[in-house]
Amino acid sequence: MTAPAAPAPAVPGMVTLSIEGRTVSVLPGTSILEAAKHAGILVPHYCYHPSLPVAGVCRMCLVEVEKFPKLAPACATAVGEGQVVHVHSDKAREARKGVLEFLLINHPLDCPVCDQAGECELQDYTFAEGRKDSRYLEAKRFNPMEDFGGDVLYVPNRCILCTRCVRFMDAVAHEPVLNVSERGDRAYIGRDPGADLTHEWAGNVVDLCPVGALLSKDFLNKARAWELDRTASICPGCSQGCNIMVETRDETVVRLRPRPNADVNVHFMCETGRLDYRWLDRRDRLEYPMVRDGAGLVVTDWNTAVAQAASLVRGAATVAVLASPSLGNEALFVLGDLAGSLGASRAYVLPRGDEKPLPGVKDLALRAERAANHTGAMHLGYTETETPFAGLGTGDVVIVADEHLLARQPLALPAGVTVILFGTVIPAWASHATAVALPICTFAEEEGTFTNLRGRVQRYLQAKTPPALARPSYLVIGELAAALGRPRPAPLASAVFDAMADVTPAFTGLRWAKLGLRGLPVLEPVEAGA
Amino acid sequence: MGYPHPSHPRETPVLSKYFGDPAARTLDGWRDRGGYRALQQALAMDPVDIQNVVKDSGLRGRGGAGFPTGVKWSFMKPDGKTHYLCVNGDESEPGTFKDREIMRWTPHQLVEGAAMAAYAIYAETAYIYIRGEFDEPIRRVEQAVADAYAAGILGANAMGSGKRVDVHVHKGAGAYICGEETALMNSLEGRRGNPRIKPPFPAVAGLFGKPTTINNVETVSAAPHILLNGADWYKSLSNPANPKSTGTKLFSVCGNVARPGNYEVGMGFPFKDFLYDLCGGPPAGRRFKAIIPGGSSVPILTPEECETAVMDYEGIQAAGSLLGSGGVICFDDTQDIVRQIARLARFYAHESCAQCTQCREGTAWTTKILERIRDGEGTMQDLDTLLQIADNMTGKTICVLSDSCATPVVSGLKKFRHEFEAKIRPSRSRIMIPDRASEVAA
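So the sequence lines, in the order shown, correspond to chains P and U. Using the numbering used here, the first residue of the first sequence is number 1, and each one after it goes up by one. Using the numbering used here, the first residue of the second sequence is number 1001, and each one after it goes up by one.
Because the hints were derived from the structure by calculation, they are not lab data. Treat the numbers as computed from the prediction; the structure is a model and nothing was measured. All residues carry an ideal CB built from backbone N, CA and C; glycine is no exception. Warning: the hint list may mix true and false statements.
To be verified - So, partial list: chain P residues that the calculated Cβ filter (under 10 Å) puts toward chain U:
no.	residue
1	95
2	136
3	350
Claimed, not checked - Cross-link-like lysine to aspartate or glutamate pairs, in silico, DMTMM-like; alpha carbons within 25 Å at most:
no.	chain 1	residue 1	chain 2	residue 2
4	P	140	U	1371
5	P	91	U	1421
6	U	1198	P	34
7	P	67	U	1403
8	U	1368	P	66
9	P	140	U	1142
10	U	1198	P	64
11	P	140	U	1384
12	U	1210	P	94
13	U	1171	P	182
14	P	67	U	1391
15	U	1198	P	200
16	P	91	P	133
17	U	1171	P	94
18	P	37	P	110
19	U	1163	U	1133
20	U	1368	P	133
21	U	1415	U	1375
22	P	140	U	1382
23	U	1198	P	133
24	P	140	U	1375
25	P	132	U	1142
26	U	1198	P	66
27	P	356	P	138
28	P	67	P	110
29	P	140	U	1377
30	U	1414	P	94
31	P	97	U	1142
32	P	362	P	34
33	P	217	P	281
34	P	70	U	1377
Stated by the list, open to error - If you anchor each label on the Cβ, the simulated ranges turn out as follows:
no.	chain 1	residue 1	chain 2	residue 2	range
35	U	1021	P	94	54 to 62 Å
36	P	128	U	1302	28 to 36 Å
37	P	23	U	1391	29 to 37 Å
38	P	70	U	1232	50 to 58 Å
39	P	134	U	1302	31 to 39 Å
40	U	1308	P	70	48 to 56 Å
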């Protein structure tokens, strides 16, 4: 743990310092904790969170800075030119060990029944550098569990008073209903009288809580953290395009959580998006290709179903396409290409709700447009409509791509119109008129991209296997396109995306390989080699 | 004068000159005693000149930290920003009650000092934050402020100078921690009284985010006397051998002592004379066992350590403690040190604001262990644990409340370890501590 032999050349406008022997240059005013992150060093911490105001109260991030008289809180100490910082010196480790011991004296040893176990920072740091035993012989503090309203349960015995939740509700949600009540070791997180956590964004306090003090009622006792598979995805709930993790256990989605993206949702997601995942686990899915046989639909094979759909399209007086604005760009592109070759209209119906912003974060809201890809649909030549079946009549065919029209019921399909359905389920409004139904995947079962309302193209990854014969949407639509004489699209979302970017002005310059997991804005020139 | 007993001839009453004199409480009475001449004079001066006089006088903060007052004032520059003065009257340190008497008997002395200090730091507004339990002092100071406004001493045209000086009195709600300077500011702003992280220091961003100076009641009360009589006069009041501690200091004496009360002596006064001559020594037939010289937050001294010390910042430090707020707490040989330290720890555990982990958990844990030892349930290992907890609580938190809880434990264990051990060893029953003995007998 020595300073580098030769001082690194100063970077103009930057502050250069040494952290654990690594030299790092950061902007003036950066905290030591953030500078350490740049250097690839984690300073253990609880109360600090990059999206919240600094509190400096957990005292876990104390580091040794040479020439400082005392240990300094890394979260609240700005970098200085030439500083030499030790994160893992004996002094700093001893201080952290002391904090861990203090935090644990009143913390119950109920990890085996705690939802946070496995993703608990108190558990992790204690395991890494805490004491092996406890010297605390006294009775532990006890406060009963409390329902905070909304989706949040408070277990005060596990609380370490980091105040992340208090600061979130105050500085980010601008609804300061939480507080620290009482003093000393009697302190707990209190609620304003009559207030609760029904705020649209309040569920984030559960993610922010570094321990198991704030729990999601929805996820309570559902699964252990170490049993979960986590997949990067995009929330399909509205046009904001919050980056999320789809968490599954045994092919079942059990929880959605926000995934940090400074350009979209920072560290947060809303309750509407977070709790709307059960449809991904539906058991009444359309699982096999089906064709009409008299009054009902019967299971058949892909070739038969696709051939029948193609012949229906060829024999139709008019063909219309109605696509869901929550389909990925790839499916919308393949379907749009087919519609273009058929001279068919391309329409979508956009569900709407109230816009619910998170005031403390710029440009973050549960958007009024409650569909993930309505911007993408616009870019790909689809037009929004309130009356998707206007002008259709006997002998016409409408190709429906996963449109449930839940928001527009009751909506009557004109008599005599035939439906060719690409769907995850057979919607009630279309069941009597569906001639061919082809099973496709939900966004959690395939790969693809959504374009959010600011034109940002973001990838979602496959989180679980689709049921039975359901296949990725762009693939199944591509089968029909091929049967109708269009070139068969490549079988991978990446290839479909690149082909789309080649021919669609709105996606000019974008490449699948460049999107990464944080997405790229469309309509902005991408520099060569960027 | 003097209160509760007449001034001792060896005292140097400056601030306490009119303690016990009800006539000094009124505006006219205070004017008859030379009041508001200093403020009149100050308002005609350049604030820098006032700062320099106070700097020359060597006046240091009387709240406990002892920071040079003139230097603190000189941090405030005429930068066009709104400045504030906070006067800390949240006197809650156990064993300290000097500000209370200043506010009770000479509220105008405080108002004059506050107005002068505000002017000296380019502030137009001073807030006097008074401990909520100080019922009478609040009434006295509020009355004095109202009278001063009515007489044109305060307000838009203070004493006809054309300068604005406003003084507001704010009543605390009963938290020890609100005497910490940044917690006091949070409290004044209507927030929970939690200390703030420094930097930024109050001189940069204090009350309402504006440059702020905060001074103790005793400090600002001394300033008018210095301006009126000169820096050299002030320095002449104390031991010339030590130019670092000047002027007079009020000491509050309580506990097992013949004449408890407030005493004002020149800095550098011999501690032994103070204890035995001024305060009359321990109660008849007893001996001192321990002395806390500067309020409950400073290390405990043995009588031997005290008796060779002089009463100034450096003298008490040389003896192994701190001058602190000047609250002298005396324990005689009937006292159970473990019980006393456990009681002090309980105070800090009760008053911890709960922000920092070490303080929130450490103060309470320390208290539980000490009370267990006090009750005869301790183990030898507890003593090591106490010291290690104290080490983990020291120098690691936002403010020093945590350190203040650890200090009496560490110094008590160092100097009176035998009393702790006596409660742990089976032979503890042979140590006859009178007040506990009666309980045992019952």
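Original post:
For the pair supplied as a hint, residue 140(P) and residue 1377(U), is the alpha-carbon distance within the 25 Å limit?
Top reply: Answer holds: residue 140(P) to residue 1377(U) is near 18 Å, not above 25 Å.
**OP:** Below or equal to 25 Å on CA atoms is what counts here, so check residue 1368(U) against residue 133(P).
**Re:** 19 Å, holds
**OP:** Verify the proposed pairing of residue 37(P) with residue 110(P), using a straight-line Cα cut of 25 Å.
**Re:** Given that 25 Å is the threshold and the Cα spacing comes to 32 Å, the pair is violated.
Original post:
Does the alpha-carbon distance linking residue 1171(U) and residue 94(P) stay inside the 25 Å limit?
Top reply: Distance of about 41 Å is beyond 25 Å: violated.
**OP:** Take the C-alpha atoms of residue 1198(U) and residue 133(P), compute the straight-line distance between them, and say whether it is at most 25 Å.
**Re:** 34 Å, violated
**OP:** Starting from residue 362(P), check that the Cα of residue 34(P) is at most 25 Å away, please.
**Re:** 21 Å, holds
Subject >> Holds or violated: residue 1198(U) to residue 34(P), with C-alpha atoms at most 25 Å apart >> reply: 19 Å, holds
**OP:** Below or equal to 25 Å on CA atoms is what counts here, so check residue 67(P) against residue 110(P).
**Re:** 42 Å, violated
Subject >> Holds or violated: residue 140(P) to residue 1384(U), with C-alpha atoms at most 25 Å apart >> reply: Holds, because 21 Å separates the two Cα atoms, which is no more than 25 Å.
**OP:** Would you mind confirming whether the straight-line C-alpha gap from residue 70(P) to residue 1377(U) stays at or under 25 Å?
**Re:** 36 Å, violated
Original post:
Do the alpha carbons of residue 1198(U) and residue 200(P) lie within 25 Å of each other, as the hint requires?
Top reply: Judged against 25 Å, a Cα distance of about 35 Å means the pair is violated.
Subject >> chain U contact restraint for residue 95(P) - C-beta distance below 10 Å >> reply: At 6 Å from the nearest chain U Cβ, residue 95(P) passes the 10 Å test, so the hint holds.
Checked against the numbered hints listed earlier, the structure breaks hints 3, 5, 8, 9, 12, 15, 17, 18, 19, 23, 25, 27, 28, 31, 34, 36, 38, 40; every other hint is satisfied.
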